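Same order as they appear, the protein sequences are chains C and E. First residue of the first sequence? That's 1 in my numbering, and the numbers climb one at a time after it. First residue of the second sequence? That's 1 in my numbering, and the numbers climb one at a time after it.
These are calculated hints, taken from the structure and not from any lab test.
Some chain C residues judged to face chain E by a derived CB distance under 7 Å, without partners named: (1) 17; (2) 28; (3) 192; (4) 195; (5) 199; (6) 202; (7) 206; (8) 290; (9) 291; (10) 317; (11) 322; (12) 324.
Simulated restraints on C-beta separations: (13) 210/E x 245/C: 21 to 29 Å; (14) 330/C x 22/E: 38 to 46 Å; (15) 119/C x 67/E: 52 to 60 Å; (16) 348/C x 161/E: 49 to 57 Å; (17) 70/E x 44/C: 41 to 49 Å; (18) 119/C x 222/E: 53 to 61 Å; (19) 61/C x 145/E: 18 to 26 Å; (20) 330/C x 228/E: 40 to 48 Å.
This one's a predicted model, so the numbers in the text were calculated from it and none came from an experiment. For every residue, glycine included, the Cβ atom is placed at its ideal position computed from N, Cα and C.
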Amino acid sequence: MNRPRAARSPIAWVRANLFATPADAVITLALLLLLLWIVPPIARWAVIDATWTGETKAACDRGGACWAVVTARWRQMLAGFYPSNQLWRVGLAMLLLAAAVLPLAVSRWTRFILIAGPLGVAAAFAVLAGVGPLANVGTEYWGGFFLNVLIGVAGMMFSLPIGVLLALGRRSRLPVIKGLCVAFIEFVRGVPLITLLFMASVMLPLFAPAGASFDLLARALVVVTLFSSAYLAEAVRGGLQAVPESQRDAARALGLGPLRTTVLIVLPQALRISIPAIVNSFIGLFKDTTLLFVIALLDVMGVMRQALADYAWQGVDAEGYAFVGLVFFLACFGLSRWSAALERRRDRRPELERPLTEPA
Amino acid sequence: MPRSRSRSVAGGWPALAAQALLLGLVMLAVLWLTRNAATNLQARGIPMGFGFLGLPAGFDIPQRLVPYQPSDTHFRVFLVGAANTLLVAGLGIVFATIVGLVAGVLRLSRNFLGRALATVYVEGARNTPLPVQLLLWYSLMLAAPPPRDAIQLLPGFFLTNRGLYFPTDTIPRLEGFGFTGGASLSLPLAALLLGLIVYTGGFIAEVVRGGLQAVPKGQTEAARALGLKEGHVLRHVVLPQALRVMVPPLASQYLNLTKNSSLAVLIGYPDLVAVFGGTSLNQTGQAIEIIAMLMAFYLAVSLSISAFMNWWNSRTAVWERRT
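Only chain E is shown next, with the shape it has when bound in the complex (with noise of 0.2 Å):
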């Protein structure tokens, strides 16, 4: 909102002196805790620096998108937790969005036990914590049986104490003592995304509760004296509109769904926290640099999608404009 009144610009002397030693004030403190942390660095016999990112890593990671194998350095393990995280945000986000969606659409329904669920759900889901969800879940899981005696969820899904079995191109076949066929998450995944998803999609269905509720109501009444199915007024006529209201708060739930993510480390998904910021850091003790490159990443992963939501934000306007 411009000012009707300015004052010269930036304050005067006196603010810009004030800033100065605010400014230098930082930079002191920077120094300070620098100085501290190479003298004890120091004591500790740690080197400080990056070098540490072409030793290898000695150890092995149970699940991989990126090859590797345990002669591989730490830079590899960077790369590899980078993968499985991304991995998990993609997937997560894809289904609590489509989970949030419904969940959203029902809780404005005419039908009463629709409705009724779709509060209950959401309302569970948001006021509950994470952290704990995500153990409940993993704890239930691991209490699965064995694949002989395998749950079967839907026609082809299994669920075992050793993972999450689904059909592919071909169909999971118990055969001796395993599966056979189709693919299979382990159950640390499968417990995590099952969480993440639960819990987003939650909070998805108020911000897609709030986005229908922002359209007009006369948008509805108008598609309906045009005689469109309701199925057809939501689609094509509620629902695009309600989307530009919807992708600012989106987009914080799915940055959200990413930092989330690292709630991996509580149930044993190799994460980029759990491997990188965990394992690798009690081998190296190099914390600053790991955590500074921890931080680093999310923080892309962060720039990246809002990027992502401002370019749809920006199509979206578009089609507005047309219409």
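Isolated chain C, as found in the complex (with noise of 0.2 Å):
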């Protein structure tokens, strides 16, 4: 909201700002009382009287944080117990995951998402297991922050397709389709991730064949994507519902069939609608991967509890916790920026009308 400025001399600034009225006054009071009851002790012990380095808690002795926990473990932060000598396939799988996503970043590339987006991601994990001449590396070994993103970025190219067909089932007349897109979709949607996970790992061994076992990392994978193609779903049915009628109308007029009209016309529009809603979404999904360590997956909060559980970081969990939490924070504060700035943009744009809903 832009509020006219009234006068521009700092201390006009601060009555126009900060003691306006009574109340105003009364509430800024409270809230610097509040501030410098909860600033400083916080400062304190995060800062300057923390422990930076150090192989052991004994390390931390001068009555702060005991950042020593992060410091002593951060390669397996990064990337778990990948091996040393193969750090380099991590780092060019992430450089393919950032490829993959950057459909997402550019508008005119955006229709080329929904086959760029798997294959880069398939290609990442091609560098991670080993393919040709690269040694094999079994998922048992990936892990850390790396694996988040992993999980993260491949959940969502690879729902994002199935996240397509979903919403356009929904929107289908033919009512067989869209019973069992609405049926799949609001089920997902209705229950807890953890369930879904639990579910994984209880339950796909008992569904299988016998005798047929899964890879841990696969069996999340397999629950991520469906669970976010059903939130994804609804992020592509606002754009869908965003193009404009007339559009479809043209494209018939011009003798496309459905399926072309669908390909060609609506889904690029309805895609470049719905990304900031896609974008949202990632920002969910990225952060529900910190709760994989339930099913004994060593992401970042896996290898950091590990660490925790150690008889040589006892009681240290604070730190640990707030260290994912602040990693968390920025990547995704970033990301929800750059979503905002998406969103800015692309309502600038005359051509295309906003959507009518917006799913959360």
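If you follow the hints, you should be able to join the two separate chains into one complex; please do so.
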């Protein structure tokens, strides 16, 4: 909200913005007291009295936070137990993932996301697992923050095509298709992710043919993909609803059939409109990857909890979780600013209508 | 949106055939999965069906609203867990709404400090994963001192490593090694509530902000021109109108909070997922039945919340017509 600035001098600013009315003055003073009460102890604990390096908890004798648990195990936090001499492959995989996401950022490439996304992710998996001359690295060695990024991006890119199909299906006039899509979307959105994860770890083996076994990471990926596809379906549905009916009419007038109308005319526009909602959905999914440790994956939380369970690091749980929280905050806050910028850019485009409903 | 031209209903026979084929495939898949499950369960010696609900559970549950003892059945465990989940969800929804309302209003206030602090809170709460927040709150609370050195948060509110004590009709008092009087929340419950309230409060604040911004400026100006005080402008003119815009996103936040309460299992609060989906499942091995019941419970709660919010929505809509 833009309010006209009444005056320019600092004192006038303070009066207008902090002490405009008696009630304002009370609020300001109360908040100042709150700040004085909260900030100094936290600053003392987290920075001034903190210990930054050390081999065990014993090194932390200054009374403040013990960040040594993070610095001592930073490599595991970053890339789990991936072999040290193969770490460049993790870096390469990250670049491939970034390339997979690129079409979301460049609006004229948006239409390629449904193909480029899954391909980029598949390439990242190939590099990590080992193809051709690269040595095999089992998924049990993958871990750390990189695993969160991998599962987040992979879940997103694999679920996008499924989500598009579900969204189209939900708008279909064919009752069976519509019914199946609605049932799937509402069912997945109605239950907590943690029950779906439990389902994957206990039920998938039950439903599989006798003797078949699944990689733990693959199981997690299946669940995350299906989970995310239901939420993406709602994001894309908002975009589909926002494409003007006249576009479909014009396509039909040009003699395009229903399939080509959808693929060539409606979908590219709908995807472009839904990008902010898709990015928001990705932020949610990325945050949800911190739950994967419950099925024993060694993502950054899994690695951190392993460190905290170590006798050498007893009682530094708060530091460990605060660090993970901070890392995710930086990533998600950056993404949310980006999503907001995309939204502003989209809304400036006159030829595109805003979605009527934008699912959270 | 009604279509100007309609093709033959439901797309003619090719569409019909495709749908029949799809339905057939789905049914085949279900059949195949059921057969696999039956074979696998037989191999492990686990009977199918809900007979296990009548068997004694044999484990204790530290916190319960429903009377329970270890000799009670697994169905009783389900009830105890469900009540614990509803307790957290109910309290969480009430307090998260209050926090969200305050933060949302502050974010739009004229007061720079209020605006800045509300922004820091909202962005921080929304962009940090809830599982991490819960574990952080819980580990901080576990590090609280024992009762004799209890931290007094507010007059009558004591935080100890045994729980959070607060006044009811009596004020909690230190006696020997513990507190008497008042009431207490166990640490897992307190941490779970705090995490859910802080996290969801941040999202509700954004809903509130969106709702307030949707009310035309002329409404505020007209109310001020009538000589209403700022508080009254907010309470009697802006909020009632903003509420209508806020109801659908608010409903989805309430649903999220209820679903997120299942993260209780991370910090040992005995909610439905922890006791029924955890302990009962481990003891009986009835994964399919138990997870089906869990999902049915959450779906039922989701549907009730949307039904309630729809009813509330229609009520607020009627108010508009009267004015």
